[in-house]
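Peer 1: So the chains spell out like this:
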Amino acid sequence: MIEFLVRRALISALTLLIISLIVFTGVRLIPGDPARVLAGTDADASGLEEVREKYGLRDPIPVQYARWLGLALRGDLGESIRTRTSVAWTVAIKAPITLELAALSLLVAIALAVPAGVIAAVHRNTFWDVLASGVSLCGVSVPNFWLGIMLILLVSVRLGWLPASGFVPLAEDVAGNLKRMVMPSLVLGTGLAAVLMRQTRNAMIEVLSADYVRTARAKGLAQRAVVVRHALRNGLIPVVTILGLQMGALMGGAVVTEQIFVLPGFGRLIVEAVFTRDYPVVQGVVLITASSYVLINLLVDVSYTVLNPRIRIRGAADGG
Amino acid sequence: MAGSAASPALTMAVATGAPASRGGVWQRAWRVGRRRPAALAGAALVVLFVVTALAAPWIATTDPVRTDWAKIRKAPSWAHPFGTDDLGRDGFSRVVWGARISMQAGVFSILLAMAIGVPIGLVAGYYRGALDQLIMRLTDAWLAFPFLILAIGLVTILGPSLVNATLAIGLGATPTYIRLTRGLVLSTKEEDYVQGARALGAGDVRVMARHILPNVASAILVQATVAIPTAIIAEAVLSFLGLGVQPPAPSWGTMLNAAQQFLEQAPWMAYWPGLAIFTLALSFNLAGDGLRDILDPRDY
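Chains as they are written, first to last, in our numbering: chain A, 1 to 320; chain B, 1001 to 1300.
Calculated directly from the structure, the hints in this document are not laboratory data.
Just so you know, these numbers come straight off a predicted model, no measurement behind them.
If a hint is listed, it holds; no wrong ones were tucked in.
Just a sample of chain A residues kept apart from chain B, beta carbon distances all over 12 Å, derived:
| hint | residue |
| --- | --- |
| 1 | S46 |
| 2 | P60 |
| 3 | I61 |
| 4 | Q64 |
| 5 | A111 |
| 6 | P169 |
One side of the interface only, derived from the structure: several residues of chain B facing chain A at Cβ under 7 Å:
| hint | residue |
| --- | --- |
| 7 | A1141 |
| 8 | T1156 |
| 9 | L1282 |
| 10 | N1285 |
Note that beta-carbon positions come from the ideal geometry of N, C-alpha and C, so glycine has one too.
Take these sequences, add in the hints, and give me the full structure.
Peer 2: Below is the structure:
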């Protein structure tokens, strides 16, 4: 198992290295003088010189890369062209808002998807199954930004129940914060729920036909106990993996959701940065999201290698 | 569809290892269509959207970009069934022409992803070894970029336009095809008819093109039908954010962007483009589910 974990961690490290290479190359593909790209159009000669000096822009490209990577590893992602504050700091301020949105959306998704998936699997090929699958298919097909606009139209414009946009920090006013987070997390959560529900249903169908479930039934356990205590526990393992892999979609979805509901998070930051040609910020946000995706999935894999004996043993047997 | 038999001795292997013959596919299509009317309806709607996109000039006779200051934000009427927008342009016309842009972006991006991903996956799965390892590590890294974040990054480098958005979406979808094709090749490579073709002296390229590719094509095709709706939504999102199709071109995403500013005064501006994206994506998903049943009966 140790060997497997080390191998898994090494692969993740390699992936992170390649990600940094892709991002570094991407920034260099932007037409124009790299110093200009990193310092902004209104930087003067001394500003440009400073950037050239910092990133060693006169050195050969591999040396530049090593230098850039070294700075990034120490948390120095450059400074925003627009605000002149450090990129790491800008991201650190915006991240909690997006993390809150992501966490709430995840909650919405799990609360909707797991019960629906279980019911669909237990009552396979009945009306409930067809209904759940149909709703899930619609959920996959609906563009969530349109869903957001329609929600604003109904709940805010017509009914006046919730504010359409804006943000109140959680620390200042919990109720006010949650009020403004309800619609965004519903919008982001339902898209994820649609995917999760399908996975839960398929995983549960497989588990429900397993021998140990039949044994549990044969010894006279009630349906409820069989499903909840025996099947669900194992059935959810593949769902957790899918959840990890869906983190990318969640981060992407947050960009649009924040745009619609005017939440000043990570997503709004990157869109604003693109429009103002704030390349260091775009670079930093892309690098951080891709790296966190790799780390989250490493954590998911490691945690259930440790928790699940079946994978633990198989992982050790074939060495990967 | 079936890998062509190199000698009569191989016919048995071909018959058991390869998907059913042409007649079988059509028969199964008929059975699936009868059993799943939703899939059939989805396929019909996809065709309808394709026709709409191709025949846009004849269906929507009003110029989709002509502004009319006398008709700003008019509610739906006989003359303008979908109402008019903030510049007095006809909503119906713009939704119909928007089908063109959505279809273009959806279909071409996935074609691009297949054109790059399938050959790379074939080579990686066929030759294995160090090359395979290198390709897979690159693919893993590529997959770590969330689809939309990657598209945003690429558009930042390339500049916003329909072509660049299509490119970005296509490149974002590429790793999926590398992985899928590689996985399929790994399992197909060991089949008797591939081994047989090799034993008879067929070269690598011939084995890949004539024996492996035809047998993995159906699974790739199914993946494409379910990837197209995602690509269509991705184009709408990019255009909505202002990173895709630029005004005044009628894209469903840019229309929704404009609509968001007039939700109180002109809600109809937001209904139709969104409904169009939803219907098109749903149709592709329904048709894709049916296609999976027809081409790959083992996997429900």
